[in-house]
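Protein sequences, first through last, are from chains G, S, D and E. Just so we're aligned: the first sequence equals residues 1 to 285 in the numbering used here. Just so we're aligned: the second sequence equals residues 1 to 285 in the numbering used here. Just so we're aligned: the third sequence equals residues 1 to 285 in the numbering used here. Just so we're aligned: the fourth sequence equals residues 1 to 285 in the numbering used here.
Hint data in this document are derived by calculation from the structure and do not stem from the laboratory. Just to be clear, a hint being listed does not mean it is correct.
A pair counts as met if it fits within one copy or between any two copies, since identical chains are not told apart.
List time: in silico DSSO-like cross-link candidates among lysine-lysine, alpha-carbon distance up to 30 Å [said to hold, decoys possible]:
#1 Lys100 - Lys15
#2 Lys12 - Lys284
#3 Lys189 - Lys222
#4 Lys282 - Lys189
#5 Lys183 - Lys23
#6 Lys7 - Lys100
#7 Lys100 - Lys12
#8 Lys284 - Lys183
#9 Lys183 - Lys118
#10 Lys100 - Lys183
#11 Lys99 - Lys222
#12 Lys12 - Lys235
#13 Lys189 - Lys23
#14 Lys189 - Lys137
#15 Lys75 - Lys284
#16 Lys183 - Lys282
Because the structure is a prediction, the values reported are computed rather than measured.
Number of protein chains: 4
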Amino acid sequence: MGGHMAKNLLKKNYKLTVYDLNKSAVSNLVEAGANSASNVAEMSREVEIVISMLPSNQHVVDVYTGENGILSAAKKNVLLIDSSTVDPSVSQSIASQAKKDNLRFIDSPVSGGINAAKDGTLTFMVGGSNIDFDYAKSILEAMGSRIVYCGDIGMGQAAKLCNNMLLAISMIGTAEAFNLGQKLGLDAKVLANIVNSSSGKCWSSDLYNPVPGILPNVPSSKNYEGGFGTTLMAKDLGLAQSAAIRTQAPIPLGSLAHQIYRTIIAHGFSNKDFSVVYQFLKGKN
Amino acid sequence: MGGHMAKNLLKKNYKLTVYDLNKSAVSNLVEAGANSASNVAEMSREVEIVISMLPSNQHVVDVYTGENGILSAAKKNVLLIDSSTVDPSVSQSIASQAKKDNLRFIDSPVSGGINAAKDGTLTFMVGGSNIDFDYAKSILEAMGSRIVYCGDIGMGQAAKLCNNMLLAISMIGTAEAFNLGQKLGLDAKVLANIVNSSSGKCWSSDLYNPVPGILPNVPSSKNYEGGFGTTLMAKDLGLAQSAAIRTQAPIPLGSLAHQIYRTIIAHGFSNKDFSVVYQFLKGKN
Amino acid sequence: MGGHMAKNLLKKNYKLTVYDLNKSAVSNLVEAGANSASNVAEMSREVEIVISMLPSNQHVVDVYTGENGILSAAKKNVLLIDSSTVDPSVSQSIASQAKKDNLRFIDSPVSGGINAAKDGTLTFMVGGSNIDFDYAKSILEAMGSRIVYCGDIGMGQAAKLCNNMLLAISMIGTAEAFNLGQKLGLDAKVLANIVNSSSGKCWSSDLYNPVPGILPNVPSSKNYEGGFGTTLMAKDLGLAQSAAIRTQAPIPLGSLAHQIYRTIIAHGFSNKDFSVVYQFLKGKN
Amino acid sequence: MGGHMAKNLLKKNYKLTVYDLNKSAVSNLVEAGANSASNVAEMSREVEIVISMLPSNQHVVDVYTGENGILSAAKKNVLLIDSSTVDPSVSQSIASQAKKDNLRFIDSPVSGGINAAKDGTLTFMVGGSNIDFDYAKSILEAMGSRIVYCGDIGMGQAAKLCNNMLLAISMIGTAEAFNLGQKLGLDAKVLANIVNSSSGKCWSSDLYNPVPGILPNVPSSKNYEGGFGTTLMAKDLGLAQSAAIRTQAPIPLGSLAHQIYRTIIAHGFSNKDFSVVYQFLKGKN
Chain G
1 MGGHMAKNLL KKNYKLTVYD LNKSAVSNLV EAGANSASNV AEMSREVEIV ISMLPSNQHV
61 VDVYTGENGI LSAAKKNVLL IDSSTVDPSV SQSIASQAKK DNLRFIDSPV SGGINAAKDG
121 TLTFMVGGSN IDFDYAKSIL EAMGSRIVYC GDIGMGQAAK LCNNMLLAIS MIGTAEAFNL
181 GQKLGLDAKV LANIVNSSSG KCWSSDLYNP VPGILPNVPS SKNYEGGFGT TLMAKDLGLA
241 QSAAIRTQAP IPLGSLAHQI YRTIIAHGFS NKDFSVVYQF LKGKN
Chain S
1 MGGHMAKNLL KKNYKLTVYD LNKSAVSNLV EAGANSASNV AEMSREVEIV ISMLPSNQHV
61 VDVYTGENGI LSAAKKNVLL IDSSTVDPSV SQSIASQAKK DNLRFIDSPV SGGINAAKDG
121 TLTFMVGGSN IDFDYAKSIL EAMGSRIVYC GDIGMGQAAK LCNNMLLAIS MIGTAEAFNL
181 GQKLGLDAKV LANIVNSSSG KCWSSDLYNP VPGILPNVPS SKNYEGGFGT TLMAKDLGLA
241 QSAAIRTQAP IPLGSLAHQI YRTIIAHGFS NKDFSVVYQF LKGKN
Chain D
1 MGGHMAKNLL KKNYKLTVYD LNKSAVSNLV EAGANSASNV AEMSREVEIV ISMLPSNQHV
61 VDVYTGENGI LSAAKKNVLL IDSSTVDPSV SQSIASQAKK DNLRFIDSPV SGGINAAKDG
121 TLTFMVGGSN IDFDYAKSIL EAMGSRIVYC GDIGMGQAAK LCNNMLLAIS MIGTAEAFNL
181 GQKLGLDAKV LANIVNSSSG KCWSSDLYNP VPGILPNVPS SKNYEGGFGT TLMAKDLGLA
241 QSAAIRTQAP IPLGSLAHQI YRTIIAHGFS NKDFSVVYQF LKGKN
Chain E
1 MGGHMAKNLL KKNYKLTVYD LNKSAVSNLV EAGANSASNV AEMSREVEIV ISMLPSNQHV
61 VDVYTGENGI LSAAKKNVLL IDSSTVDPSV SQSIASQAKK DNLRFIDSPV SGGINAAKDG
121 TLTFMVGGSN IDFDYAKSIL EAMGSRIVYC GDIGMGQAAK LCNNMLLAIS MIGTAEAFNL
181 GQKLGLDAKV LANIVNSSSG KCWSSDLYNP VPGILPNVPS SKNYEGGFGT TLMAKDLGLA
241 QSAAIRTQAP IPLGSLAHQI YRTIIAHGFS NKDFSVVYQF LKGKN
């Protein structure tokens, strides 16, 4: 993701200084015109805006607040944009530490996946002050086609978690309905026509149907390759779950969806698109 | 339902003979121009097409196959159209008995609720032979705006059950996501905008949002009055559950949705629209 | 099951007339001293007490109420004992038909499995009148070591369904707790000691632990062979589910347990003991 | 809890220095013979063994690792015993910080509730080194009747979470089975007799039955007062959930149990014993 996003910034003539643990990712970008830094602190010291893309809560905490982290090195008033998907409370905690250091922080997780990152058509869901949002908008537009203001710090994360939880639930629901329908004798395409012009319609049934052969270019028609992996979905559902524990919001279907993706991963589907839940429910017979 | 449907037939100048246990329903229709019969057999004996609308599996079995039921009285070759929502296996069993009696039977459950019945804009989901479907189509068009062929006998019921199960799942999922989002600090309208232009979009979030005040004319904005009641949703989920037991199709979220509606009813929400699940999850605080 | 039960009756010198679709089962019993009948009606005509052991609702309905079924052939006042596991409403419906034919019917499902059938140590859960129970008791004691009166007709079935639903729930709960505990670093035997002297104790943790190696002679220590199969458990949970639909009792965990066993079966564990859910949750890693 | 535990230590003639934010709790103990400290650091500086009992992860982190926390003040080699119920990873993180400061730390959560605390009959589940366990044992025996070694640091917490998750699942399962049984016509006492001598037996059905009137001295027979509150159960299930997210262990029933307790609390049962789930499922009718 980060590599594609960086290339789109270079295309729009932004000056970039990059850092990644993965050296080939860095050298790729250097060839494309970026400078490289030898560590996070060096990178942070030089720039006007920091954009981070990291895999987990702990990585974000370490990279921002660790001994030679971004907060220790960035110049006064620099805007820090974290595009990682993490717990809203992590974003909130880093933002309040950043403020003490006279730095500005916004959360800005993305949706759209690897293809949207490549094409510069990501959606950014942004949480932070209005002023920081306005300032960030133009640079985010170099990487995405939709930049949505979600509210205060953490609200970008909150919006992403809620959307993805609902996505997981409706995908599993779609898989259940289509598996049941076929076992009852219904043709899957007939069912798709009915559902998609009725109250059962959802993005998963309409634009990302999990039954192979209904839609031509979705993962289910390509052996569940590509798309949005079960592991990423399980991660997002885990974040939703943690948020629900903290806020004491009941999420019965969201919790069960999380457990279903956990079980799917345990059964060897960790490299498949999340619509593979249809295959999982259908089983071997 | 049945009363509204009958009135639309009268408006289109169909000759009607009606029967109902509820005498005021009958006299209402007689005033509007229908003949009345004094029992099911008498009604069945006189007509070219029978249309039934009944509350449960058992009622349909009794009215069709009971001692003085429709099958015992209808003339040879009459077309029997059952618009009740029942188990597909009930439709299949009656159809095969009808065949022995030289009668034709199709299942034709509806969606759209009381308002669509009144306006003649119901959707009919039809299972049966192509010939019977073509024959039934014109009369069904007097009562509905969408007449969909779903396949063999029982497939109208199957399509309805699958659609409504997916509807229940996505409604509960929407309620969970919006309750969680607000507990995290998100504004519900902001979340609706994001979800409805993203992968979490579903009919429940987009056109029937369960959070009061997001959409003006939906039940959630009218104290969850009107609409599609929790009791009807629990009934349909029970039918889906029975079908899943029989076909051995796993429906984890569908089952849980059923239990959630059962619990909601036990807590005194039996007269509310099914979007009241949002209120139920939110609780008293 | 039926074969072992019949042999125990022969050992206690009961005179037996047997019928089964499986001819080798019949010839086995004939060798052991039973007479055979060539169909259900012939068998029913000759005896003072009928005992049936059948696989499903439909089989029981057919064998009792079908054209040449037990009700059509049995002599007045004969006691009919159905030891099949079926929906309580099936038992109730047959009992009321039997009554019209001056026959007496009780439901008497068993627990204990194939080994208890062989050893004559089954538990019989009986529903019916007190008088019929007293009359049946001595013959049931030839096949079982515990004959429990559960109440009116159908209550034997009700008791079995409720017990087995709770069993499935606590087995899955045990599997979840022991899998989670081990992933957290706990030794499974240490956890078993703690749970089994604490509030988490249940039959599944204490006497039938699903983790291989904790107890020596349970299915989990023998590659989940023998015992009570996942298919039988799914059947009983399906009956519990149907009963819950009819009585409108919410069973959220019971429903989910049913779906989990459905999914387990779809994944190729249909010949394993129901404690294999531990293996299923643990997955391939 | 802490107050009762302290009194039992005083009774056994231990010299105590106590600190609590709640001043009347402190003055109570001073009257009973304890010294009081004016803050955590002062308390920690003076003692050979520290015992803490705190309500949440965050409290434990703050009190141990905060600026004037226990780790900053305790003398070299002092043994720190945390009896709070927290995430095992919290215990592990504090233990490793304690080690750097040449302090010894064990986790030692309790079960048994307020009455066992009063009577000195708590169960302590201990995680830490064997040497620290042996050293701690005698002082823990002043407050409890069962001191169980569970393994390395964090394993006391792990054992408690797994036990309580299984407890919640079997309690809800018991409530479902007894509610369903009664709706089917079974007498609850008859069902209790059957279940408790069969495979459905669990601590919740046998010793803590949630149906009023089956057992005389349990919360269900006292309007669900006293006992182990729904809020505490929801807290423990939240910890189990977090542990499951981290270790990627599927806990479908555990997750659903958590959501059920969340919903129960939202419906105004936050001050009731956790067996009130029976009442919740039964509903108002």
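Any hints from earlier that this structure breaks? Give me their numbers in increasing order, please.
-> 2, 5, 6, 7, 9, 11, 12, 13, 15
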